[in-house]
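*Asks:* As a plain string of letters, each chain reads:
Protein chains: 2
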Amino acid sequence: MTTIKDVARLSGVSVASVSRVLNNGPKVSKKTIEKVSKVIKELNYTPNANARALVTQKSTTLGVVIPDLIDPFFASLANGVEKVARKSNMQLLLSTGLVSAESEMQAINLLIERRCDVMVVHSKKLPDQVLIELSNKVAGLVLIDRYIEEIAHRCIWLDNIEGGKIAARHLLALNHKNFACIASKYQIDDPLLRLQGFQSELKSAGVDIDPNLIEHGEPTLQGGEVATQHLLASGKRFSALFVYNDAMAIGAISTLEDNGFKVPSDISVLGFDDVLLSRYSRPKLSTLNYPIEEMAMQAANIGLELSDKNTELNKDKNYKHIPRLVKRESTSYNPNK
Amino acid sequence: MTTIKDVARLSGVSVASVSRVLNNGPKVSKKTIEKVSKVIKELNYTPNANARALVTQKSTTLGVVIPDLIDPFFASLANGVEKVARKSNMQLLLSTGLVSAESEMQAINLLIERRCDVMVVHSKKLPDQVLIELSNKVAGLVLIDRYIEEIAHRCIWLDNIEGGKIAARHLLALNHKNFACIASKYQIDDPLLRLQGFQSELKSAGVDIDPNLIEHGEPTLQGGEVATQHLLASGKRFSALFVYNDAMAIGAISTLEDNGFKVPSDISVLGFDDVLLSRYSRPKLSTLNYPIEEMAMQAANIGLELSDKNTELNKDKNYKHIPRLVKRESTSYNPNK
DNA sequence: TTGAAAGCGCTACCAG
DNA sequence: CTGGTAGCGCTTTCAA
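Chains as they are written, first to last, in the working numbering: chain A, 5 to 341; chain B, 5 to 341.
Hints listed in this document are in silico derivations from the structure and should not be mistaken for laboratory results.
The reader is advised that the hints may include incorrect statements.
Since the list gives no way to pick one copy over another, a pair counts as held whenever it fits inside one copy or between any two copies.
Unchecked claim - In silico DSSO-like links for lysine-lysine, alpha-carbon gap of 27 Å or less: (1) Lys62 with Lys9; (2) Lys34 with Lys189; (3) Lys313 with Lys91; (4) Lys288 with Lys266; (5) Lys141 with Lys9; (6) Lys35 with Lys45; (7) Lys35 with Lys324; (8) Lys91 with Lys45; (9) Lys129 with Lys141; (10) Lys181 with Lys62; (11) Lys9 with Lys313; (12) Lys87 with Lys128; (13) Lys288 with Lys331; (14) Lys141 with Lys240; (15) Lys321 with Lys266.
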């Protein structure tokens, strides 16, 4: 591969001069610029970013750590970060395959090896303390979808409790009295908090939810189907169903209709996340919008600030987001008194 | 950030020795390994991948060029490449935002700057010749979803014509006689070829398709809805509808049912791609499976081979894939004679 | 405005 | 088995 030396030799100038035209450096004569540019074109020369990173001590890369790209939620996250990367003339480095604290740590380490200037990390398994220590090593570290008080200025998160409350208020306002819930079987905080917010708001309204009407399942379409079958099998009646995420909610609707229940006239179903799917389902899914792409963009931008030594960091920042109710077709007024 | 020198100094050995234990080099005493490992842990040292890349002349990165991550099709593509990257202890570099030949070229150039060992490129806009020349510069270049004869050994592609034929055969076997089509308005080859295969197979069976029943639209849910409205507005009858992709097909079903047509009993609808959505729709979508993730993994693996100077390249390889019919619920037998 | 040279962090070769 | 050292491709002083 041709190097800066080749370009220098063929244009009859020093590598320093080539470097200057490469970087639009100050004080380069027009003549030099022209000569060098011509040779660069002829040789089809492309500067080596690794060498640059080495000497400048910045890699112009932005790392992302997510479980996978198949889940549209994480794909949106990555897409948001990528947008910022592109705008900032940086490159996106991606690490996935996270199933355990070890693999999360490994993914992060790979990005550190690459000396990413910014790292947007979606970690559910690593302990707070590890992440806090990590933030001392990586200036541009930002956590998304997680809140750790000690490093709150690096956390872009969604208020899941409030999300649960908003869900409850919506269903309550629709005159529902008998509720069911489907949560994720994975005991990470999100499903727990959503459920917690939901129940607490119901309680405030003087409504209790039958423990038999709280199911836990795989956070997938199938998981939603299975959980709904359990719900139905319990024999208890309910007119409103709050589901952990959209995929499960769509599975739930499927099973409900297969069993002769109309959505929303018999049973209202409310999802969470507002992924693409929710607009494709029939009936279109009412859900809570999780603005993950915007949050990811914000995360990337904050990482950029954090990694910039010139801007002093303000530790008092708070990046909490509140989900927004999106009323579509799967929830409706309950006419029964 | 701590460097190999720091580690060497504190362990009382040379940088060469540290490098050896870092790379499990041969001929290192247990004692040295232990000493060095201890210091590495203490210092929390992480080797600099950029420096490594510079000296070894391999970046251990795998680049991907796709339009975006929001489209589940491309997300699957990226996910496939990522799987291979992880298995090979490499990192994924992602470039998106492709709308023109210029932006495609720019994305590719960024990856070249990074000296990616392998590049999996999804390019629809760059001319054949440019890609051919590029392949001389980048040993590990692989094209996905595109076929260029001169560099066929670098092309992993789907036979869209055959896909169209398979679609036609399926619908014909279901006793359909009156067909409609929705294609993408974008005049890239895929929609054209699918339509071409579809029509040619119909013709072989002695069936013609009314030109008024061929619509073109945006390749999205909404595009499918609009196109279907046009189809319906034409007043012509049809019992089978072949649609460019799943998103459009789901939009089509929506509009059909809104207009009183039952799918599949009144009209059969067949999609293409078999993205996640197709399993979530009601009725579940019959479609043609585009094994994009597998193809992406194959592409990455071939790129790996190509980038390895030790393996001589066999230019006679052919990586054509045939889509597979997935019968679900949106197509059925037409009882009318 | 230009060139010479130091050095970024690391690997790999050559001596010992 | 270990250390010294050249050099990967580039940027950035410092002098000229």
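*Asks:* State for each hint whether it applies.
*Replies:* Do the hints match the structure? See the list:
Taking the closest pair of Cα atoms, Lys62 and Lys9 come within 27 Å of each other both inside a single copy (22 Å) and across two copies (19 Å). In this assembly of identical chains, the alpha carbons of Lys34 and Lys189 never lie at most 27 Å apart, being 66 Å within a copy and 46 Å across copies at closest. For the identical chains of this complex, Lys313 and Lys91 are intra-copy neighbours only, at 20 Å inside a copy versus 35 Å across copies, given an alpha-carbon limit of 27 Å. Proximity of Lys288 and Lys266 under a CA criterion of 27 Å is satisfied in both settings, with 13 Å inside one chain copy and 18 Å between copies.
Only between protomers do Lys141 and Lys9 lie at most 27 Å apart by alpha-carbon distance; the minimum there is 18 Å, versus 35 Å within a single protomer. For the homomeric pair Lys35 and Lys45, the shortest alpha-carbon distance inside one copy (16 Å) is at most 27 Å, but the shortest distance between copies (53 Å) is not. Neither within a single protomer nor between protomers do Lys35 and Lys324 lie at most 27 Å apart by alpha-carbon distance, with minima of 54 Å and 51 Å respectively. In the homo-oligomer, the alpha carbons of Lys91 and Lys45 lie at most 27 Å apart inside one protomer (25 Å), although the nearest pairing across protomers, at 37 Å, exceeds that limit.
When the C-alpha separation of Lys129 and Lys141 is checked against a cutoff of 27 Å, the pair qualifies only within one copy, where the shortest distance is 19 Å, while the shortest distance between copies is 42 Å. Taking identical chains as interchangeable, the C-alpha atoms of Lys181 and Lys62 are never at most 27 Å apart, the minima being 58 Å within one chain and 64 Å between chains. For the identical chains of this complex, Lys9 and Lys313 are inter-copy neighbours only, at 24 Å across copies versus 32 Å inside a copy, given an alpha-carbon limit of 27 Å. Within a single copy, Lys87 and Lys128 get their C-alpha atoms as close as 24 Å, and across copies as close as 21 Å, so both meet the 27 Å cut-off.
For a Cα distance limit of 27 Å, the shortest separation of Lys288 from Lys331 qualifies both inside one copy, at 9 Å, and across copies, at 24 Å. In this assembly of identical chains, Lys141 and Lys240 lie within 27 Å of each other by CA distance neither inside one copy nor across copies; the values are 53 Å within and 67 Å between. For a Cα distance limit of 27 Å, the shortest separation of Lys321 from Lys266 qualifies neither inside one copy, at 46 Å, nor across copies, at 54 Å.
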